[in-house]
Each structure stands twice: as C-alpha cells, then as structure tokens.
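Peer 1: Each chain, written out:
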Amino acid sequence: MALGLALALLALVLALVLAVAWRGTGLALGPADWAAVRFSLVQAGLSALVSTVLAIPVARALARRRFPGRGALITLMGAPFLLPAVVAVLGLLAIFGRSGLLNRGLEALGLPTVSIYGLHGVVLAHVFLNLPLAVRMILQGWLAIPSERLRLAGSLGFGPSEVFRHLEAPMLREVLPGALVVIMVVCLTSFAVVLTLGGGPAATTIELAIYQAVRFDFDLGRAAGLAGVQLAIGGVAALAAWGLYRPTGFGAGLDRRLEVAAPAGWRLWGDGLVLGAVTLFLTLPLLAVLLRGLPGLAELPAQVLPAALRSVLVALVSTVIATALALTLALESARRPRGLIEAAVTLPLATSGLVLGTGLFLLVQPLATPMVLALPVTVLVNTALSLPYLYRVLLPETRALQADYGRLAESLSLSGWSRLRWLVLPRLARPLGFGAGLAAALSMGDLGVIALFAGEGQATLPLVVGQLAGAYRMEAAAAAALLLVTLSFALFWAFDAGGRRAAA
Amino acid sequence: MGFSIPDQSVASWRDLMKTRLLAAGLATIATQGMADTPVLTVLTYDSFASEWGPGPGVEATFEATCGCDLQFVPAGDGAALLARVQLEGAGSQADVVLGLDTSLTDAAAATGLFAPHGVAAPTGLPVPYDDPLFLPFDWGWFAFVYDKTKLSSPPTSFEALAASDLKVVIEDPRSSTPGLGLLLWVKAAYGDRADEIWAGLADNIVTVTPGWSEAYGLFLEGEADMVLSYTTSPAYHLIAEADDTKAAALFDEGHYLQVEVAGKLAATDQPELADAFLQFTQSEAFQSLIPTTNWMYPAVPLAGGLPEGFDAFHPVKSLLMSPADAAAARGPALDEWRAALAQ
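Which chain is which? The protein sequence lines are A and B, in order.
Numbering of the first sequence is given in numbering that gives the first Met the number 0, commencing with residue 0 and proceeding in unit increments.
Numbering of the second sequence is given in numbering that gives the first Met the number 0, commencing with residue 0 and proceeding in unit increments.
Any given hint could turn out to be false.
As the list claims (entries may be wrong) - Quick list of the computed label-pair ranges, beta carbon to beta carbon:
#1 B/P115 to A/P375: 34 to 40 Å
#2 A/L13 to B/D164: 49 to 55 Å
#3 B/L150 to A/L13: 49 to 55 Å
#4 A/A34 to B/P270: 56 to 62 Å
If you are wondering where the hints come from, they were derived from the structure by calculation, not from laboratory data.
Please read all numbers here as calculations on a predicted model, not as lab measurements.
Glycine residues also receive a C-beta, built at the ideal position from the N, C-alpha and C atoms.
Model the full assembly from the supplied sequences, consistent with the hints where possible.
Peer 2: Shown next as structure tokens:
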C-alpha cells in the first residue's frame with residue numbers, strides 16, 4: 000500500500016509538470032535560466048546549511064537545560080515557520096530593514112548602517128523561517144536518545160566531548176541529512192522572500208523564471224523545463240540524504256524520565272547565551288508582526304471571517320489526510336528503506352507552486368469548471384505539500400520504533416489496528432502531534448494554487464490578505480495576516496501540545 | 000455554468016458564512032434554481048473583483064438593467080490574467096476579459112481569442128487610443144510616490160533620481176505590470192540611452208519586489224524614499240485616510256501611461272450580453288466608480304468632474320508605446336535592465 004501511495008504521489012507531481020510541458024513547445028533553457036538555477040542552488044544550500052548548523056547548539060541547549068518558559072519557547076519554535084512569506088519579510092524588515100530597529104540603534108551609536116538586501120538577507124530570512132524547524136527536528140533526535148544510555152555514559156565517567164562522540168554525533172548523523180534536505184528543497188522554491196530581499200535581478204531564482212515564462216511569455220515548455228530542473232535537484236537531494244542515513248543503533252530504553260546532570264561552568268553560560276540570542280532573533284520580528292497587525296484588527300472587513308473559516312476547514316481536512324499518508328509511508332520506509340519512497344515524498348516540495356497550479360488547472364479544466372473544485376484542489380495540494388515535512392518528522396521515530404519493537408511486535412503477532420493502537424500511536428504521539436501541527440499550519444498559509452481556482456466567495460484567508468494589500472488597505476491586510484498567523488499558530492499549538500500530552 | 004452568491008454588501012457575515020459554507024461544498028447544486036437567468040462571466044484581476052474594488056458596484060448597476068447574472072472571476076493580477084486567458088483557450092467559460100493593459104494586448108491579440116468590440120474609442124485618455132479588439136476603461140500615469148514630510152525636493156527626472164542618493168523600491172518587470180510599465184517608461188523616454196539610465200539607477204534601487212502591493216508595503220514601512228506606483232496613489236491616502244502627506248514626483252521626460260482595457264472573447268456564448276457590458280464600461284455609471292474604487296482615471300470624462308486629489312499631480316507629457324512597439328521592446332529592454340542591475 001505504501002509503495003502504491005508513493006507511486007501515486009510521484010505520478011501526481013510528474014503528471015502536473017507533464018501537463019504543462021504538453022501545452023508548451025520545446026524545453027530549451029537560456030543562459031539567464033541557468034544563472035537562475037545556479038543562484039537558487041547557492042541560496043538554498045547556504046540557507047539549509049546555516050539553519051541546521053545553528054540549530055544544533057540551540058537544540059542541545061533545549062535538550063539538556065530545564066528553565067521556566069522552556070515549553071513556551073519550544074512551542075514558539077513553530078511560529079516563524081508558518082508565517083506567510085510576505086508577512087515574515089515585513090516582520091524582519093521592522094528589525095533589520097533600512098529604518099528597522101537595528102539600523103536605528105546603529106545610527107544612535109554613530110555607527111554605519113547595514114543593508115539587509117542581497118544574498119545575506121535572503122539567507123537571514125530563510126534561517127529565520129527554517130531554523131525553528133531544524134531545532135525541532137534535531138531536538139526530537141536528542142529526546143529520542145534513551146536516558147539509560149546517558150546514564151551509562153555518566154557512570155563510565157564520560158565528559159561532554161565523549162558524550163558527543165558516542166551518543167550525540169551518531170544521533171546527528173541520523174537526523175541532520177533529513178533536516179538539511181527538507182530545508183534546502185523548501186528554500187529552492189522560495190519566491191517572494193528571495194525576490195523582495197534579494198535586492199535585484201542578480202537574485203533571480205528558478206521560480207521567478209517560471210513566473211516570467213508563464214505570465215508574460217506564456218512559454219509553458221520553458222516553465223515545465225525549469226520545473227523539471229527544480230524537481231531533479233530535489234530528487235537528487237532526497238536520494239543523497241537517504242544515502243547518508245546511518246542508524247544510531249542505540250536500542251530501546253525504558254522511557255524512564257531521569258534527570259541527567261547537564262554540564263555546568265562555561266557550558267551553562269554558553270547554552271544561556273545561545274537560547275537568549277535565538278529567542279531574541281525569533282521573537283522580535285514576530286513582535287513586529289503583532290504590532291503591525293493590532294491597529295487594524297477592530298476594523299477587519301466582514302469577509303475575513305468566512306475566509307478564515309474556509310481556511311481552517313481546508314487545513315483540518317488536509318492535516319488528517321496528510322498525517323495518515325505520512326504515517327503509512329514512514330512506517331513502510333522504516334520496515335524496508337526504499338529510494339523511491341524517499342524521492343516521491345520529497346518531490347512535492349521541489350515542485351514550483353505555479354507549475355503545480357497551472358498543471359492542475361490544465362488537467363481539471365476539460366472535466367469541470369475549475370471554480371467548483373477550488374477547495375478540493377486546495378486540500379489535495381496542501382496534503383501533497385505538507386506530506387514531506389510530516390514524513391521527515393516521523394521517519395527517525397518510525398525507524399527507532401521498528402528497530403526497537405519491530406521483532407517483539409512480530410512475535411506477538413501484533414498487527415493492523417491493534418498494532419497501531421497499542422504500539423505506534425502511543426510511541427509516536429509526540430512527532431505525530433508536531434507533524435500534524437506543522438501540516439495544519441502550512442495548509443492555512445498555502446496560497447499559490449487557490450489563486451488560480453477560487454471564484455467569487457471562495458477566497459481563503461491568505462488570498463484575502465493579498466486582496467486587501469492589492470487595494471491599498473495595508474493596515475487591514477496586516478490585521479488579516481495577524482489573524483492568519485494566530486489561527487495557524489493555534490492549530491499548530493493544539494496538535495503539538497496534544498501530541499506532547501499524549502506522549503507524557 | 001457557475002454559481003451565484005447573494006449581494007455581499009447587504010448580507011451580514013453570519014448569512015455569508017452560511018451561504019459560503021454551502022457554496023463551498025454544494026456549488027454545483029446551488030445553481031439549479033437560477034438556470035434560466037443568462038450568466039455573463041467576466042474574467043478580471045483580483046483587486047477589480049474584490050470587495051474593495053469596483054466589482055460589487057459594477058455588478059449591482061449592470062444587473063439592474065441587463066436581466067442577467069454578472070459574475071466576476073478573479074484571476075490574480077493583470078499579468079496572470081493573460082496567462083489565464085491562454086490557459087483556458089477557446090474552451091473558456093468567460094465572455095469578457097477586463098483588465099489587460101496595453102503592454103499585454105499585442106500578445107493577447109495574437110492568441111486570436113478576442114473578437115472586435117465595435118464600441119467607439121473613449122475620449123478621456125490623454126493620448127488617442129483606438130483598438131478594434133480592446134476597449135479602454137481606465138488609465139493612469141506611472142509615477143514615483145514619496146512622503147512630503149520626509150522628502151522636500153523630489154527629483155524631477157530619472158537622471159536627477161540617478162544622481163541623488165534617494166532609495167527607491169520598484170516592481171519586477173518579469174512578474175508584474177507596473178514593473179513592465181517602468182521598463183517601457185525608461186525605454187520610451189531614453190531610447191538607446193535606457194541602459195545608461197538603468198546603470199545610474201542601480202545604486203538607488205533598494206530592491207525589486209514581485210508585485211505592486213509588496214513594493215507599496217515596503218515604502219509605507221519606511222524601507223525606501225520613493226516607490227513606483229501611480230500619480231493617483233496620493234489621492235487614495237487623501238480620500239480614504241484623510242492623509243495628505245503623500246505626493247507623486249513629476250518627471251520632465253513625461254510619464255508612461257497604463258491603459259487598462261476590456262475585450263470580448265470570440266468564443267462567448269453570450270455575445271449580446273458581452274457587447275452590452277462593453278458598452279456599459281463606457282457609461283457614467285461604470286466610469287464614476289473607477290476613481291475611488293480602482294484609484295485610476297476614468298476613460299470617459301465624468302459629468303461631475305474628478306474627486307479631489309485627482310488633479311494634484313498632472314504630468315505635462317504622456318508617454319505610451321503602441322502595443323506592437325511595446326511587445327517588440329520588452330525582450331531587449333529586459334536584457335538591458337537585467338545586465339545593468341545584476342552587478
């Protein structure tokens with residue numbers, strides 16, 4: 000079944016790109032297109048590398064320290080990731096922009112100001128958006144190290160460097176490739192962030208070239224060719240991550256919660272510094288989003304509410320489907336690793352939103368009025384796009400589950416529903432909650448596809464935000480965006496906290 | 000056949016929610032009751048169809064006399080509109096396309112999907128414009144908008160802007176029509192010297208955004224001294240927000256025009272209604288909605304004159320390439336632009 004699912008997913012992605020290519024003529028890419036491919040690779044690679052490398056000390060500090068507000072900080076880690084790109088950019092500009100907090104501070108001190116626009120700004124924004132995701136993924140890994148192993152390390156007199164070498168490094172080896180790939184691929188298709196902060200045409204991505212090809216040149220062949228290049232990069236990255244994977248072989252623990260003494264001294268100060276810095280980095284732009292949105296909240300136009308309701312419904316349906324699919328795939332992958340599943344599950348992320356929407360439109364149009372299918376199509380796309388995250392979050396845990404309990408479950412003939420009920424769901428509650436929260440929040444924010452399909456009275460909340468901004472109503476747009484972020488965050492929190500409670 | 004939503008300005012949001020919920024799932028069933036009212040489908044850009052654009056007013060006024068159901072289908076922004084027309088091809092449900100601009104009409108005409116409108120050219124444009132396939136319904140001058148309280152002596156030309164250390168934010172000509180308008184503006188004003196102008200402007204350009212709303216949002220946040228928008232943008236702030244601090248810088252080279260047009264699709268199944276609608280776009284009832292909902296100039300002079308603020312920034316010279324010239328200029332101009340800015 001899982002293999003069939005993976006094939007269906009692969010078929011969906013490829014069919015959409017082919018549907019676009021079919022309508023085009025020739026797939027020739029020009030030198031400007033290849034420059035866009037190069038820039039996309041550079042910015043996505045750097046963004047993924049910086050996000051994951053910075054996430055390691057943050058995750059470690061969160062894993063080994065206990066302090067008031069720790070739970071809140073971990074939850075907050077979900078917030079930047081689910082900001083719509085334009086909202087995130089405006090939040091970052093309030094801090095790092097030309098008239099942002101940082102530059103005003105520098106001016107007050109008589110220091111030269113800094114510009115956020117350029118490759119470094121793009122990477123900064125992508126780190127802001129994805130660092131929290133990386134932290135959560137790595138933190139899962141840390142929490143999955145059985146406490147018995149840490150206690151053993153303690154009784155053997157391991158210092159921090161031995162603990163790192165024997166326990167933490169193998170764990171990172173297992174978790175990092177997946178985190179790197181998912182972040183790199185999502186940055187690869189990033190559009191508004193790169194364009195707005197890139198500073199000019201030197202920062203041209205594949206996605207922008209696709210926009211140009213579809214909208215002004217109506218050169219669908221070129222658009223499909225570019226989308227194909229993007230897919231190929233995503234596929235190679237996914238297979239590379241799969242090839243790099245090495246199981247930790249820690250074995251099962253007894254799930255005992257025991258306090259392992261965290262190193263004191265300069266390491267305590269270091270952890271404090273890391274956590275303080277990352278908290279500032281994440282909360283200041285979020286605070287700016289909050290402050291920008293508040294003034295307009297009272298005068299939100301009436302149509303925001305039905306749009307919000309529609310978005311929540313779409314998000315919930317997408318989440319249920321995506322979670323079920325991702326769990327099936329991750330369980331199968333743990334039982335028998337297959338490159339096909341790895342690639343199939345990563346490719347939707349690497350698909351250009353515009354090509355995805357255009358392909359769906361071309362496929363749907365001969366069969367039905369696209370408007371009628373606006374919401375089902377949105378659910379389908381949200382499901383496909385949130386699946387990769389869910390899968391990445393679940394995979395390390397299903398692998399551990401299979402290694403630790405697979406044989407026991409087989410010998411007990413525990414299978415089907417009872418295996419799910421008594422083994423899988425209890426042991427995976429935490430990642431399932433986190434993953435479902437991510438999926439729900441992502442589905443709230445998705446905009447690319449609904450824009451092509453929505454008719455009168457079908458707009459989702461992100462679309463209304465765009466409409467308000469397009470009609471000069473920036474304050475109302477900021478308020479609607481705040482509502483969107485709040486709802487996304489509430490959904491994320493509900494699932495995530497639910498999962499953590501169930502796991503406790 | 001599409002489906003209908005009751006007049007949104009009358010319905011409370013509670014009613015709306017009920018209706019929308021139903022509509023979401025039961026869109027097809029909901030149409031059954033209105034099967035005998037002819038439906039005119041108009042494909043347009045989002046901000047025209049949205050609650051805050053001319054859409055609702057146009058719909059109410061036209062439906063009062065046409066004995067039909069006018070439905071707007073929003074298709075993204077102006078550039079997305081043409082792609083949508085081409086995607087749908089001859090099988091389109093739409094009868095009329097409203098909101099292309101003259102930098103796109105050459106490509107639109109080449110699709111062969113449009114039929115002549117047969118309406119006399121409107122008289123309210125600053126330059127004569129007559130196209131058998133595309134009928135202007137509003138227009139505006141592109142301009143750099145700034146804040147009077149922060150900038151006291153704005154530049155009076157592209158060269159002055161390039162020589163200054165002012166920061167501007169512009170839209171990308173590869174993804175937005177204002178961005179493309181600026182590209183053609185520089186080309187129309189400077190011809191072979193356009194690349195030199197762009198090279199001079201490179202250090203003034205803070206960044207290039209995907210669309211108008213991102214650029215305007217950045218400007219309002221204080222990220223730039225000026226933003227590429229329209230001479231009518233200050234009127235929005237004046238009328239809707241009672242804020243008179245915004246102004247448009249008038250350039251000696253003249254200002255490029257954006258002329259927005261409507262066209263009838265040849266494959267329409269409602270040719271009479273489509274003709275009636277195109278005729279209606281030239282009426283006082285339609286035109287009087289344009290200034291304060293679409294924030295553009297009406298294509299036909301209004302009986303009651305223009306609202307306050309619309310006369311404040313009046314360029315002396317208007318620039319506009321013919322659709323064929325604009326289409327021919329786009330590719331080379333884009334290469335120049337990219338080469339000058341991609342340093």
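Peer 1: Take the hints in turn and mark each one as holding or not.
Peer 2: Going through the hints against the structure:
1. Between B/P115 and A/P375 the beta carbon distance is about 39 Å. The supplied range of 34 to 40 Å therefore holds.
2. Checked against the hint of 49 to 55 Å, the C-beta distance between A/L13 and B/D164 comes to roughly 51 Å, which is consistent with it.
3. Between B/L150 and A/L13 the beta carbon distance is about 52 Å. The supplied range of 49 to 55 Å therefore holds.
4. For A/A34 and B/P270, the Cβ-Cβ distance of about 47 Å falls outside the hinted range of 56 to 62 Å, so the restraint is violated.
The structure fails to meet hint 4 from the earlier list, while all remaining hints are met.
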